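Participant: In the order they appear, the protein sequences are chains A and B. Quick note: the first sequence, position 185, residue 184 per numbering that gives the first Met the number 0, numbers continuous. Quick note: the second sequence, position 219, residue 218 per numbering that gives the first Met the number 0, numbers continuous.
One or more of the hints may lead you astray.
[Claimed, not checked] When the alpha-carbon atoms are kept at most 16 Å apart in a straight line, the in silico EDC-like pairs for lysine to aspartate or glutamate are as follows:
hint : chain 1 : residue 1 : chain 2 : residue 2
1    : A       : K75       : A       : D49
2    : B       : K262      : A       : E301
3    : A       : K262      : B       : E301
4    : B       : K40       : B       : E110
5    : A       : K133      : A       : E115
6    : A       : K60       : A       : E282
None of these hints come from the bench; they were simulated from the model. These numbers were taken from a predicted model, which means no experiment stands behind them.
There are 2 protein chains.
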Amino acid sequence: MSVVVVGSVAFDDITSPSGRVKRILGGAATYFALAASYFTKVRVVAVVGDDFGAEQEDVLKKRSIDTRGIERAPGKTFAWGGAYSENLSEARTTFTDLNVFEKFQPRIPKEYEDTEYLFLANIQPTLQTDVRRKMNGVRLTGCDTMNYWIKGDREELAKTLKLVDVLLINDTETKMLAHEPNLPRAAQRVLAMGPKALVIKHGEYGATIFFREGAFGIGRHPFRAPTLPLDEVKDPTGAGDSFAGGFMGYVAAQPELNREVLKRALFYGGVMGSFAVESFGTERLQSLTREEIDERFQIFRELTHLQ
Amino acid sequence: MSVVVVGSVAFDDITSPSGRVKRILGGAATYFALAASYFTKVRVVAVVGDDFGAEQEDVLKKRSIDTRGIERAPGKTFAWGGAYSENLSEARTTFTDLNVFEKFQPRIPKEYEDTEYLFLANIQPTLQTDVRRKMNGVRLTGCDTMNYWIKGDREELAKTLKLVDVLLINDTETKMLAHEPNLPRAAQRVLAMGPKALVIKHGEYGATIFFREGAFGIGRHPFRAPTLPLDEVKDPTGAGDSFAGGFMGYVAAQPELNREVLKRALFYGGVMGSFAVESFGTERLQSLTREEIDERFQIFRELTHLQ
Chain A
0 MSVVVVGSVA
10 FDDITSPSGR
20 VKRILGGAAT
30 YFALAASYFT
40 KVRVVAVVGD
50 DFGAEQEDVL
60 KKRSIDTRGI
70 ERAPGKTFAW
80 GGAYSENLSE
90 ARTTFTDLNV
100 FEKFQPRIPK
110 EYEDTEYLFL
120 ANIQPTLQTD
130 VRRKMNGVRL
140 TGCDTMNYWI
150 KGDREELAKT
160 LKLVDVLLIN
170 DTETKMLAHE
180 PNLPRAAQRV
190 LAMGPKALVI
200 KHGEYGATIF
210 FREGAFGIGR
220 HPFRAPTLPL
230 DEVKDPTGAG
240 DSFAGGFMGY
250 VAAQPELNRE
260 VLKRALFYGG
270 VMGSFAVESF
280 GTERLQSLTR
290 EEIDERFQIF
300 RELTHLQ
Chain B
0 MSVVVVGSVA
10 FDDITSPSGR
20 VKRILGGAAT
30 YFALAASYFT
40 KVRVVAVVGD
50 DFGAEQEDVL
60 KKRSIDTRGI
70 ERAPGKTFAW
80 GGAYSENLSE
90 ARTTFTDLNV
100 FEKFQPRIPK
110 EYEDTEYLFL
120 ANIQPTLQTD
130 VRRKMNGVRL
140 TGCDTMNYWI
150 KGDREELAKT
160 LKLVDVLLIN
170 DTETKMLAHE
180 PNLPRAAQRV
190 LAMGPKALVI
200 KHGEYGATIF
210 FREGAFGIGR
220 HPFRAPTLPL
230 DEVKDPTGAG
240 DSFAGGFMGY
250 VAAQPELNRE
260 VLKRALFYGG
270 VMGSFAVESF
280 GTERLQSLTR
290 EEIDERFQIF
300 RELTHLQ
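Hey, can you work out the whole structure from these sequences and the hints?
Facilitator: Here it is, written out as structure tokens:
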């Protein structure tokens, strides 16, 4: 089966303790699409400017990603600059040039309409709702958001959340969205807003999935997957989007959709996130093999499973 | 087999979002001993004052904990006050009255000398070294420390670390001890200082054990255990000591000593820590059953293990 991702494609300038790069291919949709492409067919909906050339598009095409939904608008592609300090926990944004992304109105190509899985990357909630309504036949919708929308566009976001199946956000975003400092209680409040499952990403500590009562099967317990303790994180940019790509890509490739599938997807999300941060930008995600991915999955398993 | 714990016994005043208590039984050795008592025979070495009565001692005796090593000194028992804010991550110390603990000189009763396992709770490193030397026949020594000694008594601590097998500290302490912000690299540096294994406690995210090359078996990967996502943490005091008690207690009760035992011990550490925070002070740790403990162990397993 296939997955459509709607989100940003960008040029990134990144500085981290491991070095500095300029105008490399980035954006949530790019990271997501590359990560998911190792599991299933991926289709992208995004907007780019005149400066987005064949070289950039080829990065996606080489992974057999469908780029027919990437609109070319007059002007420049979204550009972002970020700098990470030594602890790598958060990027300081050095600049944000929205450019053509400012007026992004996602258009779903006719050829995409039969897609079974949808991922709404971090864009304005009204646009997310709009896309979700257009893709009404999907089997499962995943969704990301951020503090900016939680604080500034809560009402619109609440409407979006009623239409999504799995929300993937981090600890801070969960607590902010729920107005609740205790994470499990915050998770329950977020689930009451609409999603059937909530994936909370804990950065270097992995991720936890909470299920709404009765959704995707029975049971009352959440599930936790690790990340790999890495000796060197070169560039954390895109880790969350790569996580989402691994998660959604794995789910979309399974015939069944149940808790066990979502638990394994949580592991694959962590696996793809761990590859993403090993190099600047999408470099590592461009040249993986399924064998490398399954080998790392096995390491994740050994890291957490008793004999 | 049995375990000796050397550390503090105290009276605690605690304020948290869940309430406030005064002069309840606390101290690292108390939490450790109660948690470990569900797995193995526990012996305590500590000092208390005139205000420590039969009521307090009975808490330990009811769990068949050997209190012959608790010295009664003229003066008052160590007293500590702490207040937790809403996020519960760290206590603000409201007062510290060391009292008789200030001159604590651990004395190991003759009857304790055949003990196979030793835990050095967070006390001055010179005292830890001294105790460890006196107990030279032990099979395994566990050790805790804190920022105060890492910053202020590094040389003495370095000597202690050469004599311990498993060091149990948190993320911040690991990075500070190693002068290294990357956790896996910091772990390797700490292992190079002496311990064969390092348990890093991540608070609500669980714990990771790193092994020195070749220690306790083969393999190059660390192992991670979770904590339970709890709807209400009433009082985080003693969580780390209860973790250590569950960890060491489980290890001491096993005939074998290998990586698989230490991995399971990491789970039991998390289990005992999760019980400790459910009530103020040691209340929950006083009245558990082994069935409740194994039930929670099973929940921890379901929380992390794929089918």
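Participant: Work down the list of hints and note, for each, if the structure agrees.
Facilitator: Each hint, compared with the structure:
For the hint pairing K75(A) with D49(A), the CA-to-CA distance comes to about 6 Å; that is within 16 Å, so the pair holds. With a CA separation close to 11 Å, the supplied pair K262(B) and E301(A) stays within the 16 Å bound. Straight-line distance between C-alpha atoms of K262(A) and E301(B) comes to about 11 Å, which keeps the hinted pair within the 16 Å bound. Between the alpha carbons of K40(B) and E110(B) the distance comes to roughly 13 Å, so the proposed pair stays at or under 16 Å and holds.
Annotation: proposed proximity of K133(A) to E115(A) holds, straight-line Cα distance about 13 Å (limit 16 Å). Of the pairs offered as hints, the one joining K60(A) and E282(A) holds, with about 15 Å between alpha carbons and a cut-off of 16 Å not exceeded.
Consistency with the previously given hints is maintained throughout, with no hint failing.
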